[in-house]
Amino acid sequence: MSDNGGAVRIGVYVCHCGTNIAGVVDCRAVAEYGATLPNVVISRDYKYMCSDPGQELIQQDVAAHKLNRVIVASCSPLLHEQTFRSAVAKAGLNPFYFHMVNLREHVSWVHESRTEATRKAQDLLRAAVRRVVFHRPLERHSVGIHPGVLVVGGGIAGIHAALTLANAGKKVYLVEREATIGGYMAKFDKTFPTLDCAACILTPKMSQVKSHPNITLWTYSEVAHVDGFVGNFTVKVLRKPRYVLEDLCSGCLQCVEACVYKQPKFSDEFNYGLGKRKPIYMPFPQATPPVVLIDPETCIQFKSGRCKQTCLQACDRQAISFEQKQFTEEIKVGAIILTTGAQPFDVSKTPYYGYGVYPNVYTSLEVERLVNASGPTGGELILRNGRKPQSVGIIHCVGSRDENTNRWCSRVCCMYSLKLAHLIKERSGAEVFNFYIDMRTPGKYFEEFYQRLLNEGVHFIRGRVAEVTDWVLDPSEEGKMVIRVEDTLIGTVRRIPVDMVVLSVGLEPHADAQEVRRLFNISCSTEGFFLERHPKLAPVETFTDGVFLAGCCQGPKDIPDTVAQAGAAAAEAMKLIDVGKVEMEPNTAYVVEEKCSGCRTCIPLCPYGAITFVHDRNVASINEALCKGCGTCVAACPSGSIKQNLFEDEEIFSEVEGLLQTV
Amino acid sequence: MEGKIHFQPQEHPSKVYLQSGDIISRKLRYQREADPVWARKITSHPGCERLFSCIQCGTCSGTCPLSLYMDYTPRRIVALVREGFRKDVLRSQTIWLCASCYSCAVHCPQNIEITDLMYTLKREAIQSHLFPKRFPIPVLAREFYELVRRHGRNSEFWLVLRMMLKTNPLGLLGMAKTGWSLIRTGRMSLKFEGIQQIRQLQAALEAAQEGNNHAG
Amino acid sequence: MPADRSHNGDGAKKYVYYPGCSLKSTGLAYEESFLAVFQLLDLPFEELPDWNCCGATSYMDIEEDSAFVLAARNLSLAKSSGATDILAPCSACYLVLRKAEDYHRRYPVIREKVDAALKRARLEPLADNCPHVRHPLEVLYNDVGPERLRAKVSRRWEGGPIACYYGCQVVRPYGEVDNPVNPVRMEELLEAAGIPTIEYGLKTKCCGGSLTGTIHEVGLRLNYVLLKDAHRRGAQAVVTICPLCQFNLDVYQNEIRKDTWPSLDMPILYLTQVLGWVLGADFQALGLHRSVSGRKLIREWFSRKEEESYV
Chain A
121 MSDNGGAVRI GVYVCHCGTN IAGVVDCRAV AEYGATLPNV VISRDYKYMC SDPGQELIQQ
181 DVAAHKLNRV IVASCSPLLH EQTFRSAVAK AGLNPFYFHM VNLREHVSWV HESRTEATRK
241 AQDLLRAAVR RVVFHRPLER HSVGIHPGVL VVGGGIAGIH AALTLANAGK KVYLVEREAT
301 IGGYMAKFDK TFPTLDCAAC ILTPKMSQVK SHPNITLWTY SEVAHVDGFV GNFTVKVLRK
361 PRYVLEDLCS GCLQCVEACV YKQPKFSDEF NYGLGKRKPI YMPFPQATPP VVLIDPETCI
421 QFKSGRCKQT CLQACDRQAI SFEQKQFTEE IKVGAIILTT GAQPFDVSKT PYYGYGVYPN
481 VYTSLEVERL VNASGPTGGE LILRNGRKPQ SVGIIHCVGS RDENTNRWCS RVCCMYSLKL
541 AHLIKERSGA EVFNFYIDMR TPGKYFEEFY QRLLNEGVHF IRGRVAEVTD WVLDPSEEGK
601 MVIRVEDTLI GTVRRIPVDM VVLSVGLEPH ADAQEVRRLF NISCSTEGFF LERHPKLAPV
661 ETFTDGVFLA GCCQGPKDIP DTVAQAGAAA AEAMKLIDVG KVEMEPNTAY VVEEKCSGCR
721 TCIPLCPYGA ITFVHDRNVA SINEALCKGC GTCVAACPSG SIKQNLFEDE EIFSEVEGLL
781 QTV
Chain B
174 MEGKIHFQPQ EHPSKVYLQS GDIISRKLRY QREADPVWAR KITSHPGCER LFSCIQCGTC
234 SGTCPLSLYM DYTPRRIVAL VREGFRKDVL RSQTIWLCAS CYSCAVHCPQ NIEITDLMYT
294 LKREAIQSHL FPKRFPIPVL AREFYELVRR HGRNSEFWLV LRMMLKTNPL GLLGMAKTGW
354 SLIRTGRMSL KFEGIQQIRQ LQAALEAAQE GNNHAG
Chain C
14 MPADRSHNGD GAKKYVYYPG CSLKSTGLAY EESFLAVFQL LDLPFEELPD WNCCGATSYM
74 DIEEDSAFVL AARNLSLAKS SGATDILAPC SACYLVLRKA EDYHRRYPVI REKVDAALKR
134 ARLEPLADNC PHVRHPLEVL YNDVGPERLR AKVSRRWEGG PIACYYGCQV VRPYGEVDNP
194 VNPVRMEELL EAAGIPTIEY GLKTKCCGGS LTGTIHEVGL RLNYVLLKDA HRRGAQAVVT
254 ICPLCQFNLD VYQNEIRKDT WPSLDMPILY LTQVLGWVLG ADFQALGLHR SVSGRKLIRE
314 WFSRKEEESY V
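Chains as they are written, first to last, in the working numbering: chain A, 121 to 783; chain B, 174 to 389; chain C, 14 to 324.
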């Protein structure tokens with residue numbers, strides 16, 4: 121039954137995994153049971169099979185007992201299949217004569233009764249023993265890795281990843297959906313805990329990106345379609361029309377000056393509606409690339425077709441082009457890094473704080489723009505009613521730590537609330553109250569920053585604000601918004617009248633995060649953030665080879681952590697490119713041409729487009745390089761002429777029969 | 174009592190009588206006073222399942238219209254229940270001051286039905302005879318209960334009369350004016366009509382409580 | 014939104030009306046005006062025969078299981094009469110019955126206890142189709158709607174602007190009758206009927222409920238705050254949908270007057286009283302003579318001038 125014509129000789133290894141498996145499963149009993157099964161020559165149990173001694177045990181037994189099949193009953197193949205296959209290969213056996221049984225995720229982690237768990241483990245082992253007889257030797261093939269990298273998202277994460285790769289000599293495409301890179305960091309005034317000016321540390325990097333010979337920067341562009349697999353991605357990028365020719369525009373802003381709208385009239389998205397812009401505008405002074413764009417929703421030329429086009433005339437480089445159309449570019453890259461970020465919590469989901477009802481309730485990002493010197497109020501803290509606040513309430517945890525909105529803690533809000541408290545106090549001299557549940561200051565110098573704020577005279581009241589209202593109980597509250605809160609530290613309910621309320625909103629996945637992640641064929645977690653391969657040991661990889669994550673798209677985090685992840689993701693991408701090739705799993709499907717009737721049922725079913733029709737032989741043919749082994753065509757083929765390596769009929773049926781043997 | 178020093182463990186809070194004539198208090202909680210089994214039992218009631226998820230944020234107290242008057246705010250009641258300090262909770266005035274307005278339950282970020290917790294504690298306080306005896310609210314509740322069990326309906330006149338007689342008989346005089354304005358506008362009748370099928374109701378009520386050693 | 018399921022044999026909608034103890038005594042004007050409005054809007058209804066007290070907030074203080082059964086008997090009687098919806102104007106009754114319906118559905122432990130107890134008393138168990146508990150505000154908004162209401166108005170409003178006071182138990186915790194944080198349906202109905210309203214910041218703040226009767230000083234202060242804010246925002250009367258809220262705000266104004274506010278004399282009216290008036294019902298039928306406070310304004314606003322008619 122084995123390939124060399126001789127008998128099948130199986131070695132069985134049951135792993136204790138410390139107490140992870142042995143705590144529930146009687147591993148000794150399972151090993152003893154294994155010894156009774158047909159074709160099993162040696163059956164052992166051992167504490168940690170994945171350790172060096174564990175692997176050496178396999179290698180010694182292969183030699184000593186002339187084993188030609190190896191089964192390890194331990195954890196999930198996702199963890200150690202590779203480890204054991206390598207061990208088996210080192211012993212001189214084809215690695216695909218190895219089979220793994222999952223006694224951890226499938227048994228010890230999901231069952232409580234020892235007798236039942238042990239019996240299930242034995243059933244699984246018996247099935248594996250029957251299956252492994254039919255394993256055949258398989259070879260892995262390699263594919264080359266295209267040396268380019270696509271970075272999606274031009275915030276600090278994308279910028280840092282792109283620069284790291286570009287400085288290492290790699291070709292990088294940086295695609296950003298907005299008209300400028302910079303992301304949220306470009307909106308901040310200062311960053312915690314050092315109170316560095318955000319623009320001062322960011323803009324040098326932004327201009328490095330612009331001028332780097334290895335980086336192709338496409339702003340106002342979105343990824344439309346992704347095809348392929350690790351090392352061989354084909355990506356279509358949609359270039360949206362700015363109605364301005366990027367290569368010609370010098371950013372002189374004469375067109376903006378000349379616009380028929382003498383005063384800016386339209387809500388300025390960059391400033392969250394706190395400021396105004398004209399239909400032709402530069403998103404912010406340090407925008408990169410320094411190119412204006414035209415908003416067709418508000419530009420007279422687009423809305424009515426009749427405009428003097430003073431902007432066009434004012435431009436001495438003829439950079440304006442109302443006829444510009446969107447177009448698609450196609451690129452080939454070997455690795456993709458997603459740095460699409462997150463969005464602030466949508467405040468309309470919580471009605472308790474009066475946002476949109478009382479004019480002087482702001483989100484934290486709106487306040488960032490207010491205190492920013494290049495913002496709509498020139499850095500002065502001027503409210504929507506034109507006045508300066510004498511008292512300000514900052515409410516932590518808006519949208520976070522709440523079963524009714526977002527369950528998680530958004531990690532950055534306590535720190536930025538402290539920062540805003542400092543800046544607000546500095547700019548306006550107002551009395552500042554921070555309302556928090558817990559003060560979370562885990563990073564380097566973070567606790568010291570909190571100490572600084574404590575000594576600057578900011579009030580810290582431990583209590584989650586229930587409501588912001590405008591009904592008064594006391595004359596001192598007239599004309600103000602009142603925050604009613606339980607001060608849990610002092611132990612009393614307090615009413616605090618304020619002129620301005622700042623909502624420290626948390627972070628949540630972008631509204632279109634699900635569409636985006638499907639584009640790249642990756643998973644997300646229950647909250648909707650993109651899923652990392654392992655939360656501790658592989659935070660920037662995904663389960664899709666060749667696609668990496670960095671920054672807030674993976675989970676809320678601050679700038680230091682974002683930059684660290686961006687560097688890590690760049691390293692992973694670099695690793696792929698420098699190795700230059702990747703070995704593919706051989707669990708691909710293949711067509712048995714003699715049996716294929718040419719019905720073409722399989723061809724449209726393949727999600728990877730791996731099957732083509734060969735006209736002169738009237739059969740289907742599967743491209744091994746594109747096949748991911750999903751098994752759809754195998755199941756669908758009416759004549760059963762498509763088979764799959766590692767999942768042959770005999771292998772599957774024998775496994776099923778093995779499981780059912782005691783029923 | 175003056176100047177006497179007790180070295181044995183005292184019931185919390187205890188008074189210390191100083192030689193100077195002043196009285197100060199001493200507060201200490203021993204771990205043997207905490208009853209974790211009772212705390213877990215409370216969470217088995219409908220609505221109280223998420224008690225242990227409380228992050229002590231204080232939103233409940235912040236929105237409760239009666240929290241100003243409570244000896245322990247709702248948040249502190251939850252903290253006390255979790256740690257198992259049963260007597261403190263059942264003896265508190267807080268649970269009786271709850272108006273069942275549900276503001277706390279609606280605002281709670283952990284979706285704890287605090288109103289249901291208050292009901293559970295009220296029932297246990299009555300069962301264990303730990304409620305403040307002359308406090309009008311538990312008295313009202315018991316009178317209400319008796320009237321409804323006997324007649325199937327409730328008369329506001331008889332209810333208030335019985336409650337005042339038991340807690341503050343002289344207060345009835347102060348209510349005379351209000352009572353008169355109600356009679357005058359036809360909003361208060363002295364007669365009392367119960368339901369027809371009272372036996373049916375009583376059978377159902379008794380069947381419901383069967384098997385409950387302690388009510389609730 | 015639950016579909017209109019209250020059909021009797023001939024297809025016409027018929028509401029089962031659960032009055033509750035208050036509507037037969039201190040809240041009599043609510044029953045009177047509610048019946049008048051439903052008649053004027055051609056909404057057929059029938060009082061649930063032999064209904065029992067729902068238990069309000071007090072019964073649940075003593076026992077839990079029998080408290081659910083107390084409420085459930087009414088639901089069972091309604092179910093046996095063929096109704097799929099039951100209407101409870103009193104906010105406390107609404108909440109108690111609604112909670113019984115909800116907990117019966119969500120908690121198997123309560124479901125078994127309640128149905129077994131009902132069976133023992135030879136009442137129909139609620140099983141899988143318990144009648145749905147509704148409130149007149151929601152019925153008026155969804156089943157009639159502001160537009161149909163506007164079409165049926167036959168009198169012009171002669172009174173002042175109104176503060177719409179929802180109270181607690183109708184909007185919390187079940188947000189079906191209206192939004193728990195910012196309800197607007199009463200305002201929409203009143204505006205459609207030609208009655209001006211103001212932006213009332215305390216529209217869902219608790220009046221103290223039964224606490225005004227037991228710990229009077231505390232309740233009185235809560236009522237003071239409500240009346241003060243309504244006045245501050247320009248309202249001349251408060252409209253409510255709960256007999257206990259109406260009682261608290263109406264009956265104790267003389268005590269607040271004595272203490273700090275000599276000119277306080279604000280009418281506290283039921284939604285159905287003001288709607289009934291513009292729909293054409295008369296003074297006595299709406300129980301307007303039963304108000305304790307604001308009687309002067311009530312006489313002015315609700316006097317029938319023969320020549321007035323609003324097309």
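In short, the hints are calculated from the structure, not lab data.
Quick reminder that beta carbons are idealized off the backbone N, C-alpha and C, glycines included.
You may find that some hints are simply not true.
[Claimed, not checked] Among chain B residues calculated to face chain C with C-beta under 7 Å, some are: (1) Ala207; (2) Pro209; (3) Ser217; (4) Glu222; (5) Tyr275; (6) Pro305; (7) Arg360; (8) Gln369; (9) Gln382.
[Unchecked claim] With a Cα cut of at most 20 Å, we get these calculated EDC-like pairs of lysine to aspartate or glutamate: (10) A/Lys307 <-> A/Glu597; (11) C/Lys241 <-> A/Glu597; (12) C/Lys132 <-> B/Glu379; (13) C/Lys241 <-> A/Asp594; (14) C/Lys37 <-> B/Glu366; (15) A/Lys600 <-> C/Glu212; (16) B/Lys350 <-> C/Glu212; (17) B/Lys339 <-> C/Glu230; (18) B/Lys350 <-> C/Asp63; (19) C/Lys241 <-> A/Glu598; (20) B/Lys350 <-> C/Glu125; (21) B/Lys350 <-> C/Glu268; (22) B/Lys364 <-> C/Asp63; (23) C/Lys37 <-> B/Glu329.
Verification of the hints:
1. Evaluation of the B/Ala207 hint against chain C yields a violated restraint, the C-beta minimum of about 25 Å exceeding 7 Å.
2. The criterion of a C-beta within 7 Å of any C-beta in chain C is not met by B/Pro209, whose closest approach is roughly 23 Å, and the hint is violated.
3. A cut of 7 Å between beta carbons decides the hint on B/Ser217: the least distance to chain C is about 9 Å, and the hint is violated.
4. The closest approach between the C-beta of B/Glu222 and any C-beta of chain C is roughly 10 Å, which is over the 7 Å cut-off, so the hint fails.
5. Hint status for B/Tyr275: holds, given a least beta-carbon distance of 4 Å to chain C, under 7 Å.
6. With 7 Å as the threshold, the beta carbon of B/Pro305 stays out of range of chain C, its nearest partner Cβ sitting at about 12 Å, so the hint is violated.
7. Hint status for B/Arg360 relative to chain C: holds, with the closest Cβ pair at about 5 Å, below 7 Å.
8. At its closest, the beta carbon of B/Gln369 sits 5 Å from a beta carbon of chain C; the interface hint therefore holds under the 7 Å criterion.
9. Proximity of B/Gln382 to chain C holds as hinted, the smallest CB-CB distance being about 5 Å (cut-off 7 Å).
10. With a CA separation close to 34 Å, the supplied pair A/Lys307 and A/Glu597 exceeds the 20 Å bound.
11. Simply put, C/Lys241 and A/Glu597 have alpha-carbon atoms about 14 Å apart, close enough for the 20 Å limit, and the pair holds.
12. Proximity of C/Lys132 to B/Glu379 is assessed by CA-CA distance (about 12 Å); at most 20 Å being required, the pair is judged to hold.
13. A distance of roughly 12 Å separates the Cα atoms of C/Lys241 and A/Asp594; the hinted pair therefore holds under the 20 Å criterion.
14. This hinted pair checks out: C/Lys37 and B/Glu366 have alpha carbons roughly 11 Å apart, not beyond 20 Å.
15. This hinted pair checks out: A/Lys600 and C/Glu212 have alpha carbons roughly 17 Å apart, not beyond 20 Å.
16. Our distance criterion of 20 Å between C-alpha atoms is broken by B/Lys350 and C/Glu212, whose separation comes to about 34 Å.
17. Taking the CA atoms of B/Lys339 and C/Glu230, the gap is about 19 Å. The hint holds against a cut of 20 Å.
18. Of the pairs offered as hints, the one joining B/Lys350 and C/Asp63 is violated, with about 33 Å between alpha carbons and a cut-off of 20 Å exceeded.
19. Taking the CA atoms of C/Lys241 and A/Glu598, the gap is near 13 Å; set against the 20 Å cutoff, the hint holds.
20. Restraint check for B/Lys350 and C/Glu125: the C-alpha separation of about 48 Å exceeds 20 Å, so the hint is violated.
21. The hinted pair formed by B/Lys350 and C/Glu268 meets the criterion: a straight-line CA distance of about 11 Å does not exceed 20 Å.
22. About 17 Å separates the Cα atoms of B/Lys364 and C/Asp63, which keeps this hinted pair within 20 Å; it holds.
23. A C-alpha spacing of about 10 Å is found between C/Lys37 and B/Glu329, which places the hinted pair at or below 20 Å, so the restraint holds.
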